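Novice: Residue numbers (the numbering used here), protein chains in the order written: chain A, 604 to 936; chain B, 14 to 301.
Because the hints were derived from the structure by calculation, they are not lab data. Predicted model, so just to flag it, every value in this text is computed and none were measured. Misleading hints may appear alongside valid ones.
Label-pair distances were calculated between CB atoms; the ranges are [as the list claims (entries may be wrong)]:
| id | chain 1 | residue 1 | chain 2 | residue 2 | range |
| --- | --- | --- | --- | --- | --- |
| 1 | B | L19 | A | V912 | 51 to 57 Å |
| 2 | A | S639 | B | L80 | 50 to 56 Å |
| 3 | A | S781 | B | L126 | 51 to 57 Å |
| 4 | B | L80 | A | L916 | 35 to 41 Å |
| 5 | B | F172 | A | R930 | 53 to 59 Å |
| 6 | A | L685 | B | A132 | 33 to 39 Å |
| 7 | A | A703 | B | L291 | 18 to 24 Å |
| 8 | B | F172 | A | A703 | 46 to 52 Å |
| 9 | A | L929 | B | L291 | 49 to 55 Å |
| 10 | B | D142 | A | M891 | 42 to 48 Å |
Listed next, the in silico SDA-like pairs over lysine to any residue satisfying Cα-Cα at most 20 Å (straight line) [to be verified]:
| id | chain 1 | residue 1 | chain 2 | residue 2 |
| --- | --- | --- | --- | --- |
| 11 | A | K902 | A | G736 |
| 12 | B | K200 | A | S915 |
| 13 | A | K616 | A | I925 |
| 14 | A | K616 | A | S781 |
| 15 | A | K902 | B | L125 |
| 16 | B | K277 | A | D851 |
| 17 | A | K902 | B | F128 |
| 18 | B | K277 | A | S847 |
| 19 | B | K277 | A | L740 |
| 20 | A | K902 | B | I120 |
| 21 | A | K902 | B | L126 |
| 22 | B | K277 | A | D738 |
| 23 | B | K153 | B | I224 |
| 24 | B | K277 | A | G736 |
| 25 | A | K902 | B | G230 |
| 26 | B | K277 | B | V21 |
| 27 | B | K153 | B | F172 |
| 28 | A | K902 | B | P130 |
| 29 | B | K153 | B | N20 |
| 30 | B | K277 | B | D226 |
| 31 | A | K902 | B | G123 |
| 32 | B | K277 | A | Q741 |
| 33 | A | K902 | B | I127 |
| 34 | B | K277 | A | W613 |
| 35 | A | K616 | A | I878 |
| 36 | A | K902 | B | K153 |
| 37 | B | K277 | B | V23 |
| 38 | B | K277 | A | G745 |
| 39 | B | K277 | A | Y636 |
We treat Cβ as the ideally placed atom computed from N, Cα and C, and that holds for glycine.
Single-letter residue listing:
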Amino acid sequence: MSDIWHNTRWHGKAIALLLLLAFIAAPIIADRYLLSVLILVFYFAYLGQAWNLLMGFAGQLSLGHALYLGLGAYTATALWTLFGIGPWMGVFIAVPVAAAAGMFVGWLGWRFAIEGVYFALLTIAFAEFTRIGFDHLQITGGAGGMFLSVNSVGADKWWNLGGGPLLYYYLSLVLAVSATFLVARLRQSSLGYRWLAVREDPEAAQAVGINIFRARMIAMLISSSMTAVGGVFYGFYYRNLFPSQVFDIGRSIELILAPIIGGLGTIFGPIVGAIILTPLGEGLTGLMQAFGINAPGAKLIFYGLTLMVIISLRPDGVWPWIARHLRLDGSRK
Amino acid sequence: MTAITLNVIVQGVLTGLVYGLMALGLSVIFGVMRVVNFAHGEFTVVAMYAAFILFEVLHVEPLIALLPIAAVFFGIGYVLQRSLITPFIGRAEHEQFILLVGLATVIVNGVLLIFGPDARPINLPYSFDSYAVGPLFIDKVRVLAAVAALAVAAALFLFFRYTRTGTAIRACADNLTGAAVVGLNVKQLYAVTFGLGLACVGAAGSLMATIADASPGLAQAYTLLAFTIVIIGGLGSMVGALVGGVLIGVSEALAGFYIQPSMKSMFSFALLIIVLVLRPQGLMGRRL
């Protein structure tokens, strides 16, 4: 992080700090609705960071991150509803479960040289496989879903991730900010440079002695673990889980939007993408409600069109463009 | 083997041939252009709705509606390739993929917006007829659909084998630079290829409408189904697509009958994972 901070010009630092302060202070003036939109912004920024680590840095396209999100959400929720184990403890079980799934997918794929499109399809296949499995898993309620009870003892206490919007607001903010620090830190580490080498040219990377399998596996480990934490948040924020929603390919696509729109392989891309996209999507929904239009697919049509336009016109995302125009980067001329 | 198992297998083979035709479209597009059409199932569902509307409004049977629908889909594919996808040829794989994921999202939600989430069945006068062959009872609609699917697939084989355009397209697939050097209009041929791929989808969708009820929820399932089939059969192999289709059709039918209909695709995915690990180029594919 220090290098990035050093290389940012003073007005860039000022903007970053002001934005952070504004987010910290936002609940003073923001109403419940605005807070819920901001929670989504941080949630997508956080998940975007997790996914971007694998795609943007290690160069492996996963279209099945809903698998890790869902496993994280289901594990923590099941531990709480079935055994009374709270989420702060549950997350330490949820993360290994999802990480194990991630390692398995990665191992299966990269061990057998399944890359690119094939790997992306493998990730989808695993997510779908798991979705159907959970549809038939009786202990978590099958396709009928699992619900967090609000009546059990201590369910409304913050240490069980229950409570008002403020709790979720600051929790999601902390998640997004700490994920950004982690990603920035990794990007500057030797591991980060190995990832970029593997992404740009796997054969050359191997020739200079980088173990590409290992580099990708580490990226998958961190990415799936982070996504699982997001899943725990998802489970306790929404308080109901359906396999058809959590493991859906729509979830996987939704969480790749922010980093693609913001900028693949950049540190601030996922944040910028989430800040731009989420309010637009929510605004569209609100606008349609105001006009009494009931169009269930409209938001996704909008997201789909956004993806097409961005990838056609600005495949590097909007963040590099913003950074260039605001002259934020002091290291370049 | 009991008569009932045999019955289930035969139904699976017939359905599988229609699946195979759908997957053939995907295979042709990938085999020639290396573009992965992520909106494949979405287009299939659009074709199913087209067949449904033609049947409800004009009382045209899907087996006949197949021809105009395939023709229109050829046009859609041609225009789509020329306008949207051409700039992506040669760009990073994930960029093409994301473009088509975006397109798929737009199409499926457009369908949802226009038609709503309900399933639309086509009730043909012979929907419940069946042929009795020895101990077997075979649905008439499935037989007709399978025969039609084979006919379309055969026409495509002949086109690639014996026409000038077909040969030229195969040349592009084998050696793009060489094809461009000898003066082939690659852009034009690519557009024709995408058109042909979507024509397969149009035909397969029309046939599918007779054996399954059109609904937006099928779109993603069909996209995944087409991919599963094509990867199992071997990406780029035309025979592989049909063989993969039949394999998946039979696996789905058996799993649906003996285990649970809602779990049938789990077995397809398991099959996919096994093939990816043991023989990533697919059963009929060339070595990667």
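Novice: All hints, please: hold or fail.
Specialist: Against the structure, the hints come out as follows:
1. L19/B / V912/A: 51 to 57 Å: Holds - the Cβ-Cβ distance for L19/B and V912/A, about 52 Å, lies within 51 to 57 Å.
2. S639/A / L80/B: 50 to 56 Å: Holds, at about 51 Å.
3. S781/A / L126/B: 51 to 57 Å: Violated: the Cβ-Cβ distance is about 39 Å, outside 51 to 57 Å.
4. L80/B / L916/A: 35 to 41 Å: Taking Cβ atoms as reference, L80/B and L916/A lie about 38 Å apart, which means the hint holds.
5. F172/B / R930/A: 53 to 59 Å: holds, 57 Å
6. L685/A / A132/B: 33 to 39 Å: With a Cβ separation near 35 Å, L685/A and A132/B satisfy 33 to 39 Å, so the hint holds.
7. A703/A / L291/B: 18 to 24 Å: holds, 22 Å
8. F172/B / A703/A: 46 to 52 Å: holds, 49 Å
9. L929/A / L291/B: 49 to 55 Å: Given range 49 to 55 Å: holds, Cβ gap about 52 Å.
10. D142/B / M891/A: 42 to 48 Å: holds, 46 Å
11. K902/A / G736/A: Between K902/A and G736/A the Cα gap is close to 29 Å, so the pair fails against 20 Å, i.e. violated.
12. K200/B / S915/A: This hinted pair holds, its Cα atoms lying about 18 Å apart.
13. K616/A / I925/A: holds, 14 Å
14. K616/A / S781/A: Answer holds: K616/A to S781/A is near 17 Å, not above 20 Å.
15. K902/A / L125/B: holds, 12 Å
16. K277/B / D851/A: Holds, at about 17 Å.
17. K902/A / F128/B: holds, 16 Å
18. K277/B / S847/A: holds, 16 Å
19. K277/B / L740/A: holds, 15 Å
20. K902/A / I120/B: Roughly 13 Å between the alpha carbons, so the hint for K902/A and I120/B holds.
21. K902/A / L126/B: holds, 11 Å
22. K277/B / D738/A: holds, 12 Å
23. K153/B / I224/B: Distance of about 10 Å is within 20 Å: holds.
24. K277/B / G736/A: holds, 11 Å
25. K902/A / G230/B: holds, 17 Å
26. K277/B / V21/B: OK: K277/B and V21/B at ~13 Å, within 20 Å.
27. K153/B / F172/B: Violated - the C-alpha atoms of F172/B and K153/B are around 29 Å apart, more than 20 Å.
28. K902/A / P130/B: holds, 16 Å
29. K153/B / N20/B: Holds - the C-alpha atoms of N20/B and K153/B are around 13 Å apart, at most 20 Å.
30. K277/B / D226/B: Roughly 17 Å separates the two Cα atoms, so the pair holds.
31. K902/A / G123/B: Satisfied, since the Cα-Cα distance of roughly 11 Å is no more than 20 Å.
32. K277/B / Q741/A: holds, 18 Å
33. K902/A / I127/B: Distance ~14 Å between K902/A and I127/B Cα, so the pair holds.
34. K277/B / W613/A: Given pair K277/B, W613/A is violated - Cα atoms ~59 Å apart, limit 20 Å.
35. K616/A / I878/A: holds, 18 Å
36. K902/A / K153/B: Violated, because 41 Å separates the two Cα atoms, which is more than 20 Å.
37. K277/B / V23/B: holds, 16 Å
38. K277/B / G745/A: holds, 16 Å
39. K277/B / Y636/A: violated, 42 Å
Hints 3, 11, 27, 34, 36, 39, counting from the list given before, are not met by this structure.
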